[in-house]
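Here's the letter readout for the chains.
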Amino acid sequence: MSKLLEVQDLVLRFYTYAGVVKALEGVNLYLKKEETLGIVGETGCGKTMTGLSILSLVPPPGKIEGGKVMFQDGDKNMELLSQKDATLRDIRGRDISIIFQEPGAALNPVYTVGDQIAEVLLLHRKRELCERVLAQIEKEELEKKERKRKKIEKEIKDEDTRKRELEKLERQKRGMEKKIYRTMMKHPNALSLKFFKRIPIIGRYRRLKRETKKEVVKILRELEIADPERVVDMYPHELSGGMQQRIVIGIALACNPTVLIADEPTTSLDMTVQAQILDLIRRLKEKSGSSIIYITHDMGVVAELCDRVAVMYAGSVCEVAEVKELFKNPMHPYTKALLESIPRPGQAFKSISGTVPGLIDPPPGCRFHPRCPFAKVECTEAMPKMNEVKKEHFVACYLY
Amino acid sequence: MSISLETRKLKKYYPVRGGVFKRRIADVKAVDVVNLSIKKGECFGLVGESGCGKTTFGKTIIRLLDPTSGHIYFDAPEEVKEEIEKLESSSSSKNSPRLKKLIKQYDLAKFKGKKLKALRRKMQIVFQDPSTSLDPRMLVKDIAAEPLVVQKLAKGQKIRERVLEMLEKVGLDETHLYRYPHEFSGGQRQRIAIARALIINPEFVVLDEPTSSVDVSVRAQLLDLFQKLARDMGLTYLFISHDLSVVECISDKVAVMYLGKVVELASTPELFHNPLHPYTQALMSAIPVPDPTVKMKRILLTGDVPSPVNPPSGCRFHPRCAKAMENCRKEIPELVDIGNEHFVACELFKS
Chain Z
1 MSKLLEVQDL
11 VLRFYTYAGV
21 VKALEGVNLY
31 LKKEETLGIV
41 GETGCGKTMT
51 GLSILSLVPP
61 PGKIEGGKVM
71 FQDGDKNMEL
81 LSQKDATLRD
91 IRGRDISIIF
101 QEPGAALNPV
111 YTVGDQIAEV
121 LLLHRKRELC
131 ERVLAQIEKE
141 ELEKKERKRK
151 KIEKEIKDED
161 TRKRELEKLE
171 RQKRGMEKKI
181 YRTMMKHPNA
191 LSLKFFKRIP
201 IIGRYRRLKR
211 ETKKEVVKIL
221 RELEIADPER
231 VVDMYPHELS
241 GGMQQRIVIG
251 IALACNPTVL
261 IADEPTTSLD
271 MTVQAQILDL
281 IRRLKEKSGS
291 SIIYITHDMG
301 VVAELCDRVA
311 VMYAGSVCEV
321 AEVKELFKNP
331 MHPYTKALLE
341 SIPRPGQAFK
351 SISGTVPGLI
361 DPPPGCRFHP
371 RCPFAKVECT
381 EAMPKMNEVK
391 KEHFVACYLY
Chain G
1 MSISLETRKL
11 KKYYPVRGGV
21 FKRRIADVKA
31 VDVVNLSIKK
41 GECFGLVGES
51 GCGKTTFGKT
61 IIRLLDPTSG
71 HIYFDAPEEV
81 KEEIEKLESS
91 SSSKNSPRLK
101 KLIKQYDLAK
111 FKGKKLKALR
121 RKMQIVFQDP
131 STSLDPRMLV
141 KDIAAEPLVV
151 QKLAKGQKIR
161 ERVLEMLEKV
171 GLDETHLYRY
181 PHEFSGGQRQ
191 RIAIARALII
201 NPEFVVLDEP
211 TSSVDVSVRA
221 QLLDLFQKLA
231 RDMGLTYLFI
241 SHDLSVVECI
251 SDKVAVMYLG
261 KVVELASTPE
271 LFHNPLHPYT
281 QALMSAIPVP
291 DPTVKMKRIL
301 LTGDVPSPVN
311 PPSGCRFHPR
321 CAKAMENCRK
331 EIPELVDIGN
341 EHFVACELFK
351 S
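Chains as they are written, first to last, in our numbering: chain Z, 1 to 400; chain G, 1 to 351.
Derived from the structure by calculation, the hints contain no laboratory data.
Once the Cα atoms are required to be at most 20 angstroms apart in a straight line, the calculated PhoX-like pairs of lysine-lysine come out as:
#1 Z:K324 to G:K297
#2 Z:K350 to Z:K336
#3 Z:K32 to Z:K285
#4 Z:K178 to Z:K209
#5 G:K101 to G:K86
#6 G:K295 to Z:K285
#7 G:K110 to G:K122
#8 G:K295 to Z:K328
#9 G:K169 to Z:K350
#10 G:K228 to Z:K350
#11 G:K297 to G:K323
#12 G:K11 to G:K110
#13 Z:K179 to Z:K145
#14 G:K295 to Z:K324
#15 Z:K209 to Z:K194
Here chain Z stands alone, though its shape is the one from the complex (with noise of 0.2 angstroms):
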């Protein structure tokens, strides 16, 4: 399978006042298609910073100071990290799209969720939705022009005229509306719809609202929201925080992206509905073959939703490997100690020595050296290279 998203070498930085936090050190990951990739690590080991980074999201003061983010789908093969923003404005939500963390945080409190969702819709889709709206006038069009023939047929008896009346039927277009919908769909950006935009009743284009309403309840439905057209209409405020999730997943998906990425989308939520969100996106992935970046402390949603695993540590990746081998053979101490602090009944509770490293200052060479039981001279003076251990089971450990 070929690599849709390959992040190679990320180095990222964030200045503050106190010093240089070196969020990311070379953060190398690969994403085939129509596969999920699960990132896990604890707080603050940068892997909610790798989501963004791919996407340029990075909040002030960080800055990508290196690396690249090639994105290869179909005819589209380019590196993301130096495109323009309008370039990278056309990719995210489209090609690749994000689900938040915090889904009451990354919904807006004064829109709806149907304008929300919408303007997804109208940013990326557009044309399909103005073609439909000028299918839908041409059919109007057409059945108006059939009733009216009959009705002329029907009423005008003398046959000179009715001949003359068909005529100027046939050449008689609903011009105006017409021309509004199809510049849209060339320019979105044309002079003269912001003219009209400023006139009243024309600048409200109905028929366009009305069309993306209905493609916004048809996603409502999809995301398996009881009562569709009513949600629509509702305020984030108003739903729980497991339809807010979805409301969220629905503006992720509602343009198929081919990548999405899912920054722990069911942290604040709970047990019952996180299954229920995991069903969701396991099935929405079935539908529309995205490839899925799913980021997560939970081991366990690791174990059920990834193919392969990629554990971070204070900034760089340490072990990469398929769930079933990373789970039955983890090798990086790390990853060892991570799954051994996940609580099992009857054992007693194990868990890793100290604590994470500052990240201004992080401790020189591998920088899990300080909690690890089997560091070494070695690890204290270099950065470990990932190695290809096994055939697809990458480690970055002086050990192997």
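Given chain Z's structure and the hints, the job is docking chain G onto it.
Same frame as chain Z, but now just chain G:
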């Protein structure tokens, strides 16, 4: 083992006010007739989805919230509880001075003033989110010392000694004394909160989702700490959590709550190997298993928890229950003992 804390018919309703004069127009039935007893030295787990009333229950039994009705007994002799029950059930003795006296003396739900303050020496709580439960303007040494000062248990140099001793017990040291809460990580903040709760040697501690805001590895550290402290100090815990895998590892007995009612109650191994209530079964199947070779059969619940203002009639779980019957809509099921100290409130196990 003797019973440490017992609730009988405990209710906590929050009023919903509305209209012109802010009349009470409805109640949020957060805790609705809950009978639980927690034995000495036990770790009692309380699980349920958010909004099921588990935190309200935890706060009510240590009187951070005033119960609407019902009794809470702490270290009360069995005979007294029986006598109160008996006196209350007969209409003639409902207002007898004997009943009033007994309630005043033993029923924690009616304690006031000095008596309540004395009680707080024995009962403490560790709150959910340590970033909000610790005063950001107080130093760690003052935070941990506050219970001692309030209860007048120590003075001057003695306070410092006790604080240091306690901080060491929870895995902090002298260097942390003169720092503010924001300088600590989530796990360490929770340790400070634990130190504050345990400094006066309480007997009973409510742990309200103490591990929900921390990482996996830190969670293991904290759970380990809880077990160690329970052993060393002879503590009784009420462990409130929505994470069943944690509850399975730490508690001896588990109660499952749904919309203000206890639906199932059993010892931990019994409950996890033989869950009977459909809700418990769904909850169990929702735990993601950290093993990719295991394929779980999920019982997916549809929809959300209904509003506790207007709970469904009969069994409160029936609109989401796959096994709901006609009778579930009408009758409220009682907790029934089905042997092996396993209680379940469901129509399926009535006989």
